[in-house]
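Student: So you can see what is in the structure, the chains are spelled out below.
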Amino acid sequence: MSNKTSVTKQIGKPALLDGVRRSAPQKPKSIKHKLTISLLIVYLLSSLATIFAQFSLARVEAKISVIELLDELSQKVLETRRSEKNYLLYGNAEDLQDAQDYLGQVQAEVHSLQSVEAFPVKNLPEYDKKLDDYADSLQKLNMRVGTLIPETLKEEVHRSGHIFTAYVLEQDNLLRKEITSAALQARKLSQIILALALLLGIFLTVYLIRRIVNPLEFICRAASRIMDGELSTIPMVPGPDRSREEIELVDSLNLMLRFLETKQDQLVQSAKLATIGKVTAGIAHEINNPLNNIYLTAEVLLEDLPNIECAERLEMVNDILKQADRAREVVHHLLAFSRTRKATTLENVDLAVLIQQTLAFLKNQIRIGQVAVHTEMPEKPVMVNGNANQLQQVFVNIILNGVQAMGPGGVLTLKVETADHMGRVVIRDNGPGIPEEVKTRIFDPFFTTKSEGTGLGLSVSNSIIEEHNGKITLESIEGKGTTFYIALPLVQEEKES
Amino acid sequence: MTENTLVRPRRLLVIDDEAIVGKRLLQVFGKMGFKVEVFDSPAPAMEAAARDPFDIVVTDLKMEGMDGMEVLTRVRQLNPATRVIIITGYAQSETAEEAFKLGVFDFIPKPFRLEQLKESILKALDELEQEDHVQ
Chain A
185 MSNKTSVTKQ
195 IGKPALLDGV
205 RRSAPQKPKS
215 IKHKLTISLL
225 IVYLLSSLAT
235 IFAQFSLARV
245 EAKISVIELL
255 DELSQKVLET
265 RRSEKNYLLY
275 GNAEDLQDAQ
285 DYLGQVQAEV
295 HSLQSVEAFP
305 VKNLPEYDKK
315 LDDYADSLQK
325 LNMRVGTLIP
335 ETLKEEVHRS
345 GHIFTAYVLE
355 QDNLLRKEIT
365 SAALQARKLS
375 QIILALALLL
385 GIFLTVYLIR
395 RIVNPLEFIC
405 RAASRIMDGE
415 LSTIPMVPGP
425 DRSREEIELV
435 DSLNLMLRFL
445 ETKQDQLVQS
455 AKLATIGKVT
465 AGIAHEINNP
475 LNNIYLTAEV
485 LLEDLPNIEC
495 AERLEMVNDI
505 LKQADRAREV
515 VHHLLAFSRT
525 RKATTLENVD
535 LAVLIQQTLA
545 FLKNQIRIGQ
555 VAVHTEMPEK
565 PVMVNGNANQ
575 LQQVFVNIIL
585 NGVQAMGPGG
595 VLTLKVETAD
605 HMGRVVIRDN
615 GPGIPEEVKT
625 RIFDPFFTTK
635 SEGTGLGLSV
645 SNSIIEEHNG
655 KITLESIEGK
665 GTTFYIALPL
675 VQEEKES
Chain B
469 MTENTLVRPR
479 RLLVIDDEAI
489 VGKRLLQVFG
499 KMGFKVEVFD
509 SPAPAMEAAA
519 RDPFDIVVTD
529 LKMEGMDGME
539 VLTRVRQLNP
549 ATRVIIITGY
559 AQSETAEEAF
569 KLGVFDFIPK
579 PFRLEQLKES
589 ILKALDELEQ
599 EDHVQ
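These protein sequence lines are chains A and B, in that order.
In the working numbering, each number is its position in the first sequence, counted from 1, plus 184.
In the working numbering, each number is its position in the second sequence, counted from 1, plus 468.
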């Protein structure tokens with residue numbers, strides 16, 4: 185409880201929260217900010233992967249078209265060779281012409297293809313030289329059309345043709361290999377990017393959980409601890425993980441808690457006013473009677489003063505004083521009950537004394553209700569730590585309920601005792617009892633079975649006792665009566681001595 | 469009106485658990501010539517009334533054991549001529565209405581001035597005297 189007070193005080197200074205924020209090395213990022221950054225990273229990476237994949241695909245496509253071109257070229261080279269062989273075999277000049285045409289086309293195309301990117305012929309001069317050698321030898325053949333071709337020339341043509349063809353096919357082969365490896369590389373690279381994306385995904389998930397979910401869970405845990413009564417405010421989310429929204433959430437939750445606390449105090453106060461309303465009959469009776477006695481005595485004195493004996497006069501004046509004391513006492517009790525002391529004003533309270541005071545306060549209300557009261561008080565004081573004013577409010581409520589439930593002729597039994605290491609007040613009536621369906625809702629706010637009731641009395645009583653770490657329980661047998669048990673933690677022995 | 473006007477001493481019963489009320493009314497009305505009997509609880513008062521009916525009864529409303537309404541009913545059963553005056557520290561109009569239905573002579577909320585009660589009692593006395601005349 186004392187712990188609670190200090191926490192409340194801390195929260196009472198909003199500057200402290202600002203201080204926490206200012207002392208942090210940098211302004212906390214917002215969840216929106218964190219999510220935007222994370223998603224932007226993912227977006228950038230996936231765009232990069234897509235662009236890269238597109239690029240690789242385009243490259244492979246380009247190589248495939250080059251392969252097609254090369255295929256065509258190779259076909260033409262082979263065509264040249266076939267025409268050359270035909271000419272050497274059959275001596276048909278058209279064949280030689282064809283061979284030379286084909287070769288010319290090959291030469292022209294190789295040069296025009298040179299501009300195509302990724303064209304694989306790296307060493308064009310060598311290619312040209314081999315092509316030229318072959319073209320030269322074909323030219324030599326052409327010079328000798330119609331004459332006998334010497335074996336040496338035939339051999340030269342054959343050899344240069346062979347070299348060129350072999351070179352072309354080799355280039356072709358090289359290119360295919362290169363393309364295959366490039367495709368393989370592209371695949372590898374995309375696998376790496378995929379792996380990277382997966383890793384990054386895991387990292388981002390962990391990051392988001394740490395930075396967003398953890399603080400939220402922290403707040404949830406704090407909220408449930410508040411419901412258990414361990415805390416009264418939500419502490420600031422620890423560490424650099426906190427986001428701006430989370431700080432704001434904690435701040436507004438704490439603000440709400442303070443607001444609720446005020447509302448609760450107001451509710452307790454309204455319930456108390458309602459209770460005072462219920463005891464007005466008793467109060468009126470209790471003040472009107474001594475007042476009447478004072479009037480009567482004073483008037484009799486006034487009327488017949490010379491004829492009254494001196495001793496009797498004295499007795500009458502004393503009567504007046506006693507009755508004035510009585511009225512003052514009533515007002516004192518009423519004020520003591522209605523006074524609002526801060527809920528956190530705690531003191532050691534003897535339950536037996538408090539019950540006696542409560543009975544004194546309710547004396548006339550009980551008399552008007554024509555109810556008999558039996559008390560069983562312990563020999564030793566039963567000390568609890570609490571707010572006497574609020575505890576009395578609880579007892580007044582339960583006693584008045586009992587008196588009202590029983591009606592004239594009822595018997596109310598009040599017992600103060602120590603049970604299970606708790607101080608306990610037992611309030612038993614022999615009224616009609618509480619039906620089962622009412623019993624479960626009896627502590628609900630605004631639940632009432634009386635037409636003039638507010639339904640606040642027992643619900644506020646319950647929250648006051650819970651606030652004192654105590655417990656209200658009830659037993660009720662229909663037709664026999666109801667017993668309320670109000671258990672409160674005893675003051676530790678050390679504190680008592 | 470003085471004590472000489474009383475043809476015979478009238479019997480006045482005062483029931484109030486506030487002892488001072490009884491003491492003072494005894495002082496005042498005794499001097500006026502009434503035969504006053506004072507009780508601070510209703511049960512012995514009813515016994516006394518049963519023995520010899522009273523002319524006028526002044527009773528408190530809220531008392532332990534029996535309330536003023538019951539006193540009223542019983543006294544009127546014993547002697548319908550008895551005038552009953554109820555005095556109470558917590559007067560509610562419903563209770564007053566009920567009391568008048570039951571035949572109360574007067575219903576006086578506390579605190580009252582002595583003059584108020586005197587008037588009421590003397591009025592009751594007048595009625596009683598007139599009834600006696602008629603007879």
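Check the hints yourself; a few may be wrong.
Below, in silico cross-link-like pairs of lysine to aspartate or glutamate (EDC-like), each with a Cα-Cα straight-line distance of 20 Å or less [what the hints assert, rightly or not]:
#	chain 1	residue 1	chain 2	residue 2
1	B	LYS586	A	ASP282
2	A	LYS338	A	ASP282
3	A	LYS547	B	ASP485
Derived Cβ-Cβ restraints for the label pairs, each shown as a range [said to hold, decoys possible]:
#	chain 1	residue 1	chain 2	residue 2	range
4	B	VAL602	A	ALA520	51 to 61 Å
5	B	ARG476	A	ASP488	21 to 31 Å
6	A	ALA520	B	ASP508	26 to 36 Å
7	A	HIS605	B	GLU565	25 to 35 Å
Derived by calculation from the structure, the hints in this document are not laboratory data.
Glycine included, C-beta positions come from ideal geometry on N, C-alpha and C.
Student: Taking the hints in turn, state whether each one holds.
Tutor: Tested hints:
Proximity of LYS586 (chain B) to ASP282 (chain A) is assessed by CA-CA distance (about 159 Å); at most 20 Å being required, the pair is judged violated. The hinted pair formed by LYS338 (chain A) and ASP282 (chain A) meets the criterion: a straight-line CA distance of about 17 Å does not exceed 20 Å. Restraint check for LYS547 (chain A) and ASP485 (chain B): satisfied, since their Cα atoms lie roughly 14 Å apart, inside the 20 Å limit. Range check, VAL602 (chain B) to ALA520 (chain A): Cβ separation about 58 Å, and the 51 to 61 Å hint holds.
Here the CB-CB span from ARG476 (chain B) to ASP488 (chain A) is close to 24 Å, well matched to the stated 21 to 31 Å. Remark: the range hint 26 to 36 Å for ALA520 (chain A) to ASP508 (chain B) is upheld by a beta-carbon distance near 29 Å. Distance hint check: the CB atoms of HIS605 (chain A) and GLU565 (chain B) are about 55 Å apart, inconsistent with the given range 25 to 35 Å.
Against the hints set out earlier in the document, violations occur for numbers 1, 7.
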